[in-house]
Amino acid sequence: MAKRSLYASSSGIRKAKTAFSRKGWTQENLAFEVNLKTRQPIWRFFTGRPIERYIFVEICSILELNWREIAENPPDDIPEYDEHGLPDIECLVQQVRSQRQDKIEDQCGTLKLLDINRPINLDKIYIDINLLEEIPSQQWLELAQLQNLTPQEFQSIGLSELFQRWITGRKLVENYNKIRILGNPGTGKTTFLQHLALQCNRGIFMENRVPIFITLKSFVEESKETGEVSFLNYIRSEFLASSITNPSTVENLLCEGRIFLLLDGLDEVLTLDANAVYQEINRFTEKYHKNLFIITCRTAGKIHNLNGFIDVETAPFTSEQITEFSQKWFATLIKNPTEDAHQQAVEFIQLLELPENLRLRQLATTPLFLHLACWIFVHQGQFPGSESEFYKQCLDLLLGKWDEIRGVERDSIRPVFTLPQKLKLLSEIAIKTFERGEYFFEKRTIEQYISDYLCELSDVPIDSEELQLASEEILKAIALQHGLLTERSRGIFSFSHLAFHEYFTARNIIMNSYLKSLEEALEELINHVLEPRWREIFLLTAVMLRKADLLVLLMKKKVDELMMDDHHLQEFLILSHQSLLKTLSQLTDWNFTPKQQEVLENYHEINQLLRDCLNSNSEITSTVREEIEKELL
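By this note's numbering, the letter at position 38 of the sequence shown is numbered 38, and the numbering carries on one by one without gaps.
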């Protein structure tokens, strides 16, 4: 039987005092962190006197030290039970955590952020996430309820009541022991698991458990090498790598319900391996049901049920969370002094709150896109100059770059569907639905659009049943692999962000200009110039065109046509243009009819849109710009 007490060596005392000094605590503070009623064990620890083994290990864990490097003559292996049973299980937990500390810190302590060439300390940038206990896509909503929404309402459809019932991530973990966290790409699922693992191993959260963080992609790869799909053997292998050699340690912890198993990326498991992984999850979690289990998965990857698991979904960032994340991002990632970082964060938030940045603000509710917006702001000294370019960068991430960065391989789509074909299909869906004023569409409608597109691609007729299956497969893949189409209610889909719907609509107009004359394609767009919901399409199209001269000239022509047959309005505008109206009160002298007032309002709206196109990053020749600007009211 190994000794029940430990004491620090001379070199261990020096290391412990250095670590203690970095914390800036008093001995009373440390005693509080270790849950001691008196500081006497702390004093004995720092003076090299023997103390209870589990207290010794916990002190080292709090100070982020390996207890074996601090103790004088540490035992060869972790003792498990003495003749009295507990509290040696507590000691076992503390010692395993201590031996696995380096592993957990290496796995979970840093983040690899997009376009950042160094790992970032997770603690410096992490903010708590909120989770929805009721999944939006599992609601039953009628399509008619969703169609007449404003852009402001689009992103939160179905969430207004659900937001009132969100729960913080940590609170949820305290309430349930089997949790599957769903969410779209880039919503912080993996980061949340990493944070929990760190907090648990440091004894700050779930201090009576041992955290084990497993990426399911790695688990599958090792299972193929060993020929056995077994979490028990995988964990034994992990323990062995941390010099925990006693094979019964894992079972003892599992049987006592002391394991905190965090499984990341269920959606990253290929279909070929999925059934075996699901079976092992169900078998393992049922056998060792006293433990705590959390699994992450993209929302569209929720194919199978997991026995006894509650499904929750990541909630979009609130305004407060966007502010907190931005402040931490600038404080951590820019090289300027703290004052400059704070000022840049303030300027960033102020710009984000401007009405004209509504689409960017909606995208910023996703942490991945918020990071991208912060990065562009720092490197360009302003917000993205071209919204279309920012949207394109977001789409590049979702269409493959994000998976590529993380080394994730996805199932190939059958029939084979290339990236250009995906872009064309999404553009087709966008224009057809946008023209009809449909931001939300039934599953069967979108599958029909996909079927039509597949028929266009094929040189030979496709069997109707085969076509239906292929359409379902492609919709599922686009939703799961890219998160661009999302199920907002049962059987009802939309683009995940209104900005993406508008971007692909504008893209379709640009692509059509290559198939028919540019003027013909833009004439069709001009027909919608008086419709407010098309405003963003005009701005995006203007920027995406190689030269926007024709577009703005057609808009100017439309402006002129409004006044062509009304000499009374023409006279008013001429006088206005010559600044002959001294005060606004003189407008009443003109006695406009309701129809004329409507025409004036339309004239003003088109003029404003035309001015916004001129002020955007669109390519317009100086001659055309000057010609239009001199006549703008």
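Read the hints as simulated data drawn from the structure, not as lab findings. A couple of the hints might just be wrong.
[Stated by the list, open to error] Cβ-Cβ distance ranges computed for the label pairs, FRET-style:
no.: 1; residue 1: Ser230; residue 2: Asp102; range: 16 to 26 Å
no.: 2; residue 1: Thr332; residue 2: Asn617; range: 41 to 51 Å
no.: 3; residue 1: Lys224; residue 2: Gly48; range: 44 to 54 Å
no.: 4; residue 1: Lys392; residue 2: Leu553; range: 21 to 31 Å
Beta carbons are placed, not taken as given, at the ideal position from N, Cα and C, and that holds for glycine.
Hints broken by the structure, by number, lowest first? 2
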